[in-house]
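Q: In case you want the letters, here they are:
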Amino acid sequence: MCGPLRVRDWRATAALVLLALVVLAPVFGWAAGQVGYAEPLENAAEATGATDDADPVHTGLLPGYTVPGTPTALGTLVAALVGTALTLAVATGLGRVLADGTDGD
Amino acid sequence: MHIPDGYVDLPVAVALAVASVVVLAVAARRSEGAVDGERAPLVGVVAAGVFAAQMLNWPIPGGTSAHFVGGALAAILLGPHLGALCVATVVTVQSLLFGDGGVVVLGANVFNMAVVEVYVGYAVYRLVAPYSPFGGAFAAGWLGITAGALAAALQLGASSAFAYETLTVVAIMGVGHLVLGLVEGAVTAVVARSLADARPDLWPDRSGVSA
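So the sequences go chain by chain: A and B.
Each residue of the first sequence is one higher than the one before, starting from 45 at the first, in the numbering used here.
Each residue of the second sequence is one higher than the one before, starting from 3 at the first, in the numbering used here.
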């Protein structure tokens with residue numbers, strides 16, 4: 045049922061869907077920024093006075109899904125692209141390691 | 003729901019890191035041979051989809067936002083063990099590359115989103131899906147994210163930064179995610195059914211979700 049052509053089909057479709065999600069990231073980021081959003085965790089921290097206790101040990105290479113020195117939207121787009129690609133690579137590798145060694149039917 | 007460093011006391015963080023490592027080790031062992039070579043990239047696609055979807059903050063007027071977490075969806079599509087490994091990969095990339103969620107508390111974040119949300123979500127799905135696969139996926143997403151948030155709230159409420167105000171934290175995070183989780187449930191149900199309808203051959207054990 046899953047011949048080589050069909051496999052390529054779903055992989056191409058998956059790549060397009062992932063690319064669409066990546067492109068949408070800056071749009072949603074901008075829209076969320078317009079409402080000055082806060083998650084329940086942040087609200088709980090504010091209610092209990094914990095906000096100042098946040099003490100990042102490591103900010104990451106692309107802190108806060110941005111690229112230092114670039115406009116926010118572009119930085120978010122690059123961060124989404126890099127993060128999605130890296131996650132895809134790592135989890136695909138994981139899948140291959142855990143696969144049963146057959147090629148399906 | 004990503005906890006930053008400094009919010010959770012070190013003993014709590016260490017205990018959850020140990021718990022997460024144990025659960026993921028068992029998950030990896032039980033996932034061996036769970037997919038054939040041809041479908042192995044699906045694990046990557048689901049994880050990448052969860053990562054990308056988590057970047058979409060849904061603005062809600064009034065100053066709140068929700069973003070899809072995807073633990074229940076990953077569990078429904080791939081099974082709970084591969085689902086847990088997928089979400090753990092996402093949470094780790096978010097912490098190490100983007101500083102979203104602390105490094106010291108990485109184990110806690112993995113526990114909440116990749117263990118609690120995934121396994122609670124999957125358990126709910128298994129309970130409800132025989133009666134309504136679509137409803138089961140919705141309930142899985144909704145209650146899975148709420149359970150993950152409650153787990154985080156208990157950890158935060160047991161920590162000095164939050165002045166041990168467990169009830170306050172549980173109330174804010176529990177109620178908040180119980181409401182925001184409706185979006186998670188809706189997305190989980192629609193995406194799970196769409197994928198099952200589009201390519202039931204790729205999800206051989208989950209095609210019932212479209213019934």
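Hints in this document: simulated from the structure, not taken from any laboratory.
Among the hints, erroneous ones may be present.
Chain A regions said to be covered by chain B (calculated; three or more residues, Cβ under 8 Å) [unchecked claim]: (1) 90-96; (2) 99-107; (3) 111-119; (4) 131-140.
Under 7 Å between C-beta atoms, here's a sample of chain B residues computed to sit facing chain A [what the hints assert, rightly or not]: (5) 37; (6) 42; (7) 46; (8) 47; (9) 174.
Label pairs and their in silico Cβ distance ranges [as the list claims (entries may be wrong)]: (10) A:78 to B:24: 37 to 45 Å; (11) A:115 to B:129: 27 to 35 Å; (12) A:100 to B:28: 24 to 32 Å.
Glycine is no exception: its CB is placed at the ideal position from the N, C-alpha and C atoms.
Q: State for each hint whether it applies.
A: Hints, one by one, checked against the model:
no.	hint	result
1	90-96	holds (count 4)
2	99-107	holds (count 9)
3	111-119	violated (count 0)
4	131-140	holds (count 10)
5	37	holds (5 Å)
6	42	holds (4 Å)
7	46	holds (3 Å)
8	47	holds (5 Å)
9	174	holds (4 Å)
10	A:78 to B:24: 37 to 45 Å	holds (43 Å)
11	A:115 to B:129: 27 to 35 Å	violated (47 Å)
12	A:100 to B:28: 24 to 32 Å	holds (31 Å)
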